[in-house]
Every structure is written in structure tokens, then in C-alpha cells.
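Line order of the protein sequences matches chains A and B. Residue 410 in the working numbering sits at position 410 of the first sequence, and the numbers go up by one each step. Residue 95 in the working numbering sits at position 95 of the second sequence, and the numbers go up by one each step.
Calculated from the structure, these hints are not laboratory results. There's no promise every hint is true.
If we take Cβ atoms under 8 Å as the criterion, some of the chain A residues that face chain B in the derived model are [said to hold, decoys possible]:
hint	residue
1	Pro-118
2	Thr-122
3	Ser-124
4	Gly-140
5	Arg-143
6	Ala-369
7	Ala-380
Covered by chain A, according to a simulated footprint, are these stretches of chain B (three or more residues, beta-carbon under 8 Å) [said to hold, decoys possible]:
hint	segment
8	61 to 72
9	267 to 281
By construction, the Cβ of each residue, glycine as well, lies at the ideal position given by its N, Cα and C atoms.
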Amino acid sequence: MAPANGPHRSSHPEPTATGAATSAAGGTSTAVGDANTSAGGAVTAEGRATATAGGAIAAAGGAIIGARGPLAAAEVAVAHVWARAAGPVRLGAGVAAPGGMVRLTRPDSTGEALPVWPDGVTPSLLEEHQVAPVTVERSGETRRVLAAALKCCWSDQQADPWPGDPAPVELVLDTYRALIGRTDDLMRNWAIGALRRLHDSAWVVLGDGVVSLGPRCALWPEESHAQLRELVRRLPEPQRPELTVVRDADIVAAARPAEPAPGAGADGGGRVEAAAGEFDDLLAGHDERRRAELVAAFMVVEHAAEPVQEVRFAALRDPALRRTLAEMLSRRGRTLIQHRDRWTSGYDDDVARAAYASGEERLSVSERAVLALVLVHSVAIPRAEGLLPEDSWLSPHPTPVEELRRHTQLPIGELEAALRTLRHAGLLGQVKAGEEAGGYVPGPQFHRLTPAARRRLQEELILAAGPNTPLAAAVLARRSAR
Amino acid sequence: MSVGSLNLERVSDQPLTLDAALTDEAVLSTYRRMFAALARDSGAVVDDPALVDIAETLFAAFAEAGEEWLTHEQMRFACRTYPADQFDNRLRVLKGLGAIREVFPKPNQLRYRASFTSVVGLMFIRRMMDDGGQSEMHRLLALEDLNVADPRTTMEEARQSAANMARAFRLWALELVTLTTGTIEELREQAPKLWGTEEIARRAQGLHATILTRWPELDRVCTDLRAAIYAYSDASRRAAGRLADSAGTTRNLTLLPTETWRTFTQTASPERLAAVLDGFVFDAPAPWHDPAAIARAVDEAPRPVPAQPTPPRSALPDPGPGSSLDGSADAALERLTAVAESLLGEASRVALADVLGRDWPSARRMLADLTTVDLRPELPYRLAWSDELSIDPDREPAWLSHGYLERT
Numbered sequence: 001m002a003p004a005n006g007p008h009r010s011s012h013p014e015p016t017a018t019g020a021a022t023s024a025a026g027g028t029s030t031a032v033g034d035a036n037t038s039a040g041g042a043v044t045a046e047g048r049a050t051a052t053a054g055g056a057i058a059a060a061g062g063a064i065i066g067a068r069g070p071l072a073a074a075e076v077a078v079a080h081v082w083a084r085a086a087g088p089v090r091l092g093a094g095v096a097a098p099g100g101m102v103r104l105t106r107p108d109s110t111g112e113a114l115p116v117w118p119d120g121v122t123p124s125l126l127e128e129h130q131v132a133p134v135t136v137e138r139s140g141e142t143r144r145v146l147a148a149a150l151k152c153c154w155s156d157q158q159a160d161p162w163p164g165d166p167a168p169v170e171l172v173l174d175t176y177r178a179l180i181g182r183t184d185d186l187m188r189n190w191a192i193g194a195l196r197r198l199h200d201s202a203w204v205v206l207g208d209g210v211v212s213l214g215p216r217c218a219l220w221p222e223e224s225h226a227q228l229r230e231l232v233r234r235l236p237e238p239q240r241p242e243l244t245v246v247r248d249a250d251i252v253a254a255a256r257p258a259e260p261a262p263g264a265g266a267d268g269g270g271r272v273e274a275a276a277g278e279f280d281d282l283l284a285g286h287d288e289r290r291r292a293e294l295v296a297a298f299m300v301v302e303h304a305a306e307p308v309q310e311v312r313f314a315a316l317r318d319p320a321l322r323r324t325l326a327e328m329l330s331r332r333g334r335t336l337i338q339h340r341d342r343w344t345s346g347y348d349d350d351v352a353r354a355a356y357a358s359g360e361e362r363l364s365v366s367e368r369a370v371l372a373l374v375l376v377h378s379v380a381i382p383r384a385e386g387l388l389p390e391d392s393w394l395s396p397h398p399t400p401v402e403e404l405r406r407h408t409q410l411p412i413g414e415l416e417a418a419l420r421t422l423r424h425a426g427l428l429g430q431v432k433a434g435e436e437a438g439g440y441v442p443g444p445q446f447h448r449l450t451p452a453a454r455r456r457l458q459e460e461l462i463l464a465a466g467p468n469t470p471l472a473a474a475v476l477a478r479r480s481a482r
Numbered sequence: 001m002s003v004g005s006l007n008l009e010r011v012s013d014q015p016l017t018l019d020a021a022l023t024d025e026a027v028l029s030t031y032r033r034m035f036a037a038l039a040r041d042s043g044a045v046v047d048d049p050a051l052v053d054i055a056e057t058l059f060a061a062f063a064e065a066g067e068e069w070l071t072h073e074q075m076r077f078a079c080r081t082y083p084a085d086q087f088d089n090r091l092r093v094l095k096g097l098g099a100i101r102e103v104f105p106k107p108n109q110l111r112y113r114a115s116f117t118s119v120v121g122l123m124f125i126r127r128m129m130d131d132g133g134q135s136e137m138h139r140l141l142a143l144e145d146l147n148v149a150d151p152r153t154t155m156e157e158a159r160q161s162a163a164n165m166a167r168a169f170r171l172w173a174l175e176l177v178t179l180t181t182g183t184i185e186e187l188r189e190q191a192p193k194l195w196g197t198e199e200i201a202r203r204a205q206g207l208h209a210t211i212l213t214r215w216p217e218l219d220r221v222c223t224d225l226r227a228a229i230y231a232y233s234d235a236s237r238r239a240a241g242r243l244a245d246s247a248g249t250t251r252n253l254t255l256l257p258t259e260t261w262r263t264f265t266q267t268a269s270p271e272r273l274a275a276v277l278d279g280f281v282f283d284a285p286a287p288w289h290d291p292a293a294i295a296r297a298v299d300e301a302p303r304p305v306p307a308q309p310t311p312p313r314s315a316l317p318d319p320g321p322g323s324s325l326d327g328s329a330d331a332a333l334e335r336l337t338a339v340a341e342s343l344l345g346e347a348s349r350v351a352l353a354d355v356l357g358r359d360w361p362s363a364r365r366m367l368a369d370l371t372t373v374d375l376r377p378e379l380p381y382r383l384a385w386s387d388e389l390s391i392d393p394d395r396e397p398a399w400l401s402h403g404y405l406e407r408t
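Please model the entire structure based on the sequences and the hints provided.
Okay, here's the thing in C-alpha cells:
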């Protein structure tokens with residue numbers, strides 16, 4: 001096992017993941033000695049690799065807020081864009097969290113910041129309003145693995161689940177195995193895939209052979225902890241042979257950095273500092289009912305998979321309330337986007353530009369390339385052939401996987417990994433139809449592009465595909481005129 | 001051929017939609033424009049695109065036939081999918097204009113051959129239809145480039161060439177300008193066929209430079225040519241600009257042909273593809289795992305199937321219940337006979353009311369047996385029911401129809 005295994009790139013092909021995963025899962029006696037010296041350095045040394053890994057560690061290498069003192073409104077909006085686009089935002093020592101974010105403080109007073117929602121609601125509010133949230137890939141499996149991780153990491157049940165204690169990956173896998181009663185390799189690969197997806201979305205942190213609870217676990221509301229305790233109690237204890245080569249405690253101790261390195265996510269310890277209410281001034285002027293309507297509309301436009309119907313939400317119907325809603329969104333760098341009688345939210349163009357300029361590219365080259373290919377095949381070509389009447393970046397015409405595999409310059413391994421990441425992020429949707437047909441279409445995230453962003457996407461594609469056409473010249477001329 | 005019959009013909013093989021009519025009209029207008037210079041009067045160009053298809057089919061058949069030539073019947077056979085009157089009309093015109101001629105010019109000639117010039121002409125027409133003349137301009141420019149570089153070319157020829165080019169570019173630019181001020185639909189339809197790519201402008205400027213270097217005294221003509229090229233580039237850009245501004249957020253994608261898109265996806269490097277999405281911010285995956293949803297997922301987990309223990313068995317040898325039931329028909333008959341005999345005793349007839357027990361469970365078992373006895377013709381007993389019915393709430397059964405078991 002390589003000493004500097006570091007945090008995992010999420011793009012390992014899942015079917016062949018067993019080897020890589022075993023090395024990440026550690027549990028071999030040789031790993032321990034090296035890991036002691038390397039685990040601390042891995043996160044900081046691999047700045048760039050870490051940054052692109054997505055999720056908690058990604059943000060740790062990407063967006064860092066180091067400034068002291070209160071942030072200006074524009075900076076708060078940019079921080080919220082970072083948090084939404086790249087996961088939890090890393091905070092320097094003693095730096096306060098931007099408004100509307102909870103601060104997860106580490107023992108060394110650095111921390112991570114995560115957006116919370118107004119009035120203590122969570123995205124489960126969508127269920128009450130019967131609005132479909134963004135679909136979670138293999139949700140049952142993913143949640144069962146999360147439950148197993150919770151059982152292993154939440155050692156002191158009198159305290160909050162987060163931060164908990166790190167637990168060896170093997171223990172989590174054994175717990176999951178006891179839960180579903182299957183022991184085959186396929187189960188193991190699926191569970192590791194689920195762990196990696198949870199890592200990418202900051203629900204767990206996969207370190208060097210250990211798993212700890214990710215920052216998002218701190219967002220479970222206080223009143224649901226009893227339910228989680230009950231759940232953990234119900235989970236069966238894994239049957240483990242008494243004598244493993246290395247004791248669990250040693251694996252955990254080995255993975256813990258010798259001296260606490262700043263931002264080492266796998267390290268235990270920490271406390272949650274509640275977020276300052278950022279919308280109080282906007283919401284205070286409304287009575288209980290209006291306030292609830294505003295919060296509900298805020299949650300559905302931010303978290304629903306598809307744009308929601310105007311008639312179903314008072315805060316979308318009523319222009320005055322909608323104005324307040326737009327103001328709430330704009331404090332988070334978001335803006336309302338209308339599709340006929342439906343609404344959703346997206347990044348405000350100016351704030352997104354500022355965030356892009358100061359942050360790091362989150363999608364890798366091959367991921368962006370695959371996305372561009374799907375846009376050409378599913379939108380541009382059907383449009384050029386007159387098959388796509390709707391003026392939209394969503395499309396019912398799937399890009400066949402074969403087309404991507406055979407007729408592009410992308411290596412197959414990178415292609416598969418990119419497809420998986422993009423699917424997981426809701427940037428691509430998979431269409432299944434029979435054995436051969438089916439493929440990929442642009443995902444629900446394309447609902448969230450502002451008209452300006454949609455137009456820019458069109459221009460970028462034209463500039464790339466037909467750089468010598470008068471159309472490209474016109475686009476460039478128009479841009480330089482602005 | 002009348003327009004009426006033409007319409008009838010078309011209705012029969014495919015519905016004449018507005019779209020189809022528009023497409024046909026667009027094709028015809030290009031034909032008219034191309035041959036305006038040659039036509040004798042304004043009605044001289046075909047009024048149905050199918051007529052050109054007939055000519056093309058004929059030429060293909062001639063190419064196939066080689067030195068065998070073709071007879072009238074063979075020509076008709078090659079064009080069998082077209083109506084006879086259309087074919088005759090075409091053949092008459094083609095013969096009249098010399099595109100199809102007798103193999104030897106003598107009376108009663110039966111075999112025909114096609115004219116090479118007409119075939120080439122038709123190829124040219126098809127190409128013009130496809131891209132509105134852009135590729136012709138490319139070829140023309142390439143040829144002129146070769147011509148002016150040829151040492152045998154005289155200054156007069158070069159002047160002529162430059163003047164022709166200038167005129168073509170000017171007319172092209174004028175057409176684009178007219179389109180740019182017209183309706184957006186027409187612009188969208190026509191402009192991409194007319195506007196010049198940078199390639200054309202570059203070639204034209206190359207030609208201009210060659211002429212000017214070789215014959216500096218032609219600077220006047222060259223200035224004209226230069227102005228025409230600039231005017232054309234400018235008109236192209238303006239038309240594209242108007243389209244780019246007017247369109248929606250994906251509508252302009254139609255303005256590049258499908259082939260361009262395909263080539264792009266197949267040849268572009270990952271870096272070039274990725275650059276398209278530079279500057280776009282997308283959401284990171286952030287699904288919400290609610291505690292209730294996690295609990296639900298755990299409850300719905302595929303449970304391990306517990307190994308089902310076999311029920312405990314006695315240590316003693318147990319032959320099972322099989323032998324306690326005598327399945328043979330004789331045994332059943334014997335049992336039924338015994339039942340009947342025990343009820344009848346010595347008598348030949350006994351009232352059911354007397355033999356049925358006081359409790360319903362045993363009475364009903366008895367009735368079932370007696371009914372079986374009654375239904376077995378080989379047994380010498382019958383049930384006889386009367387219409388009488390006695391009702392006694394204190395007794396069980398409370399309702400009792402009167403009947404007798406009889407020996408036969």
C-alpha cells in the first residue's frame with residue numbers, strides 16, 4: 001500500500017474498485033506504520049488532488065475563508081455559492097462562519113461552514129409538500145451504509161452524532177454486512193461505492209482506512225437525534241472474529257495525525273456552533289403563515305428536482321412575497337428562474353462569476369468534456385435536425401453510450417468514471433430503454449441555468465464547434481462590444 | 001401538364017402538407033434563379049421538383065447502359081415510378097434541348113444517348129442546392145488562384161477574373177443585406193447558405209494579393225475586388241449578428257449543420273470539449289438523508305433469510321399417518337354398509353328423526369354418511385324424504401325435515 005494514499009478520487013471505476021478500496025480501507029498490518037507519518041501530510045500535500053475530490057475534503061483545499069471580521073454581503077453570497085458548488089467551506093482559525101451557515105469548529109479553532117435552512121427546517125419539508133427532491137442514486141443502499149457508519153462512529157450517544165469518532169472501514173463494512181445478511185464481494189463493492197458517494201457529498205469522510213462522520217451529519221436537527229439513537233440501537237452487532245491482525249483502536253490511532261494538522265477532516269473532536277439567522281429581518285415582518293409559506297417556497301425552489309408550479313405555493317403566486325423570496329435567495333447568491341408557470345432557483349450570474357474566479361474548478365477535464373458531448377448529442381444535433389422544438393437545454397433525446405465510447409477522443413476508463421460522477425451530481429440523467437437503446441440526457445441541474453447562462457452555453461458551443469463561421473465572429477463581436 | 005393533375009398525383013402518394021409545399025417552393029425558386037439567365041420566358045423552368053428527379057434517373061440509367069445505349073422502352077422502364085405524362089413531358093424537353101440525343105442522327109432511330117454537358121450541369125445544380133453556392137465559390141476561387149498563378153495568363157484575363165469575382169461578391173453581399181433587413185425566419189432559412197466563412201474571405205484575399213503583386217497596374221480593379229470582399233464579410237457578420245441576437249437560448253444551435261456538430265464531437269480533444277463549460281458553476285452532489293428516510297431504508301433492508309430449523313422429530317420409529325387411512329373403495333363401502341346396518345338393525349325402514357343424535361356435529365356427520373350411501377347405487381339402502389318439516393326451538397337440530405332410511 002502506498003504511504004501517501006491520501007483521500008480518494010471519486011472517479012475510481014466501481015466494478016474494479018475492490019483493489020483500490022482494500023488499500024484505502026487499510027486493515028493490513030503493513031499499512032499502519034506508514035500511515036502514521038503520512039496521513040497527516042496527505043491532505044495538505046496533495047492540495048490540488050484533494051481540491052478536486054469533491055465534498056468535504058474538496059472544499060478544504062478549494063474555498064478557504066481566512067479573513068477575520070464580518071464578511072460583506074457580497075462575500076457571504078460568494079461563500080454560499082462555494083458551499084453549494086463544492087461542499088463545506090473551510091474556515092481559518094477563529095474565523096466566524098458567514099451568515100446562514102453553521103460553523104463546525106475543530107479543537108484547533110479552524111472549522112468548516114455549511115449552509116443551514118431558515119426556521120430550522122430541513123429538505124424533508126419537500127416531502128410534506130409532495131415535491132420530489134433530487135433523486136439519490138441507490139438511495140436505500142446509500143442510507144443503509146450511512147446507518148452502518150453512524151453506528152460505528154457515534155460512540156458517545158449522550159453527545160450529538162457529529163463529530164463522533166473515526167471507525168475502521170472494515171468495521172463499517174462488517175456492520176453493513178450484518179444488517180443485510182450478505183457477505184459476497186458484490187455487496188462489498190456496492191457498499192464501498194456507497195461510501196464513496198457519501199464521501200463526495202460530505203456525509204462521511206473516507207480517510208486512510210477509517211471512516212468518520214462528515215460535516216453534513218451535523219445538520220440533523222436536535223429533535224431527530226432520539227430517532228437516530230433508536231435506529232443505531234436496532235442495528236445488529238457485526239460478528240467479528242476475536243483476533244484481527246490489527247485492533248480497531250490501532251487502526252484509528254494510526255489514521256489520526258501525530259499532531260493535529262489544520263483541516264485534517266479525519267480527526268475527531270469538534271463542536272457545532274449554531275448559525276446566525278440571516279433572514280430574520282426579512283421574515284420578521286410577516287405573520288406565522290406567510291413566514292411558513294416563504295420558507296416552504298425557499299426550500300422547494302432550492303431543493304426540488306424540477307421547477308415547481310407557481311399555483312402550489314403562495315410565496316410564488318403573490319408578487320410581494322415572491323419579491324421577499326428573491327431577496328432571501330439573493331443573499332445566498334441565488335436568483336429565481338421562471339419556466340412559464342414554474343419556478344426554480346439558480347446561481348446569480350454575477351455572484352457565480354465572482355465565485356468561479358476565486359474558487360477552483362470542481363469538475364475534471366474529462367467530466368466537463370463528457371458533459372459537453374452529451375449537450376451536443378442530446379441538444380445541439382436534435383436542434384439542428386429540427387427534432388427539438390423546445391428552447392431548452394433539457395432534451396428527450398438520449399446520447400447513446402456507444403456513441404460516447406466509440407466516436408470520441410475520450411479514454412473509456414475516464415468516460416465511465418465521468419459518467420458516474422455527473423450522474424451522481426444530477427448533471428446527467430440516465431435513460432434506460434431495452435438492452436441497447438437508452439443513454440444519457442442533460443440532468444435536472446440544467447433547469448437551474450439562468451437565461452444568460454443558457455445563452456452563454458449556446459455561444460460557447462458555437463465558438464467551439466464552428467470557430468470560423470460568421471456566427472462565431474458575431475458572438476465575439478458582441479462580447480467585445482460589451 | 002396541368003397543375004391540377006400534378007396536385008392529384010401528389011395527393012395520391014403523400015399528403016401535401018404545408019411544409020412539403022414550402023420546401024418544394026424553396027427548391028423551385030433556386031432553380032428559377034439559377035436558370036434565369038438562360039430562360040426564354042419566365043415560365044420556362046420546371047414547376048415540380050420531381051421533374052428534375054426524372055432527368056437524374058434517366059442520366060443514371062444511361063450511365064449504367066454504357067454502349068448499349070437505351071431504347072424508348074428502356075428509358076420508360078428506368079422511370080417506371082414516375083407517371084407516364086410526366087415522363088413524356090420530360091423526355092420531349094430533354095430531347096428538344098439536346099440533353100438526350102439519337103445515337104446516330106438518322107430517321108427512325110430507336111436508340112438514344114445522354115449528353116455529357118447536361119449530366120455535369122445537373123451535378124452542379126445539385127451541389128448548388130445543397131449549400132447555396134458556397135462550395136462553388138470555393139472551387140471558383142481555387143481555380144482562379146491557379147489561373148492567375150499560371151505564367152501563360154495575360155493581364156487582360158486577370159483583369160477579367162478580378163472583375164468577375166468582385167461582381168459575384170457584391171451581389172452576394174447585397175442579397176445578405178436584403179435578408180438581414182427582412183424577416184428573421186427568412187434570414188434563418190437562407191443566411192447560412194449565403195454567408196461566407198473566414199475561409200472564403202481568406203482565399204479571396206489571397207487571390208487579390210496574387211493579382212496585385214503580379215500586375216501592379218491592375219490596382220484599380222483590385223481595389224474594387226477588395227471593397228467587394230470586405231462588403232461581403234461585413235454583410236455575413238451582420239446577418240450572423242442579427243440571428244445571434246434574435247434567437248433564444250438554444251435556437252442558434254440550428255445554424256451550424258449537423259455534420260459540423262458531429263465532426264466536433266468526434267475530433268475535438270477532451271480539453272477543447274471541456275473548455276465549453278469553463279466558467280459554469282454547477283451544484284455539488286448534496287442529497288439530504290433525513291433520519292426518517294435512513295430508518296425507513298434500514299427497515300426495508302433485504303433481511304438475511306434465517307436458516308429455518310426442521311421441526312423436532314420423535315426418536316421412535318414413526319410410519320406416519322399413511323396407513324391409518326385405508327384408501328381402497330371396498331373399505332369405504334364396508335364402512336358405509338356398517339353405518340346403515342347399525343341404524344336399521346332388523347328393521348327395513350327407520351325414521352331419521354329417531355336415529356340422528358341430539359347434537360348437530362354428530363348429526364351432520366351422520367347425514368353426510370347417509371347421503372353418500374344414498375348416492376351409491378351398489379349399496380342396497382335409500383333415503384326417502386317427505387315434505388314434512390318439524391320445528392322445535394328446544395331441540396337440536398331445530399329444523400328437521402322428515403325422512404326415512406330404507407332397505408331396498
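Results for each hint:
no., hint, result
1, Pro-118, "violated (15 Å)"
2, Thr-122, "holds (6 Å)"
3, Ser-124, "holds (4 Å)"
4, Gly-140, "holds (5 Å)"
5, Arg-143, "holds (4 Å)"
6, Ala-369, "holds (4 Å)"
7, Ala-380, "holds (4 Å)"
8, 61 to 72, "violated (count 0)"
9, 267 to 281, "holds (count 15)"
Hints 1, 8 from the earlier list are contradicted by this structure; the remaining hints agree with it.
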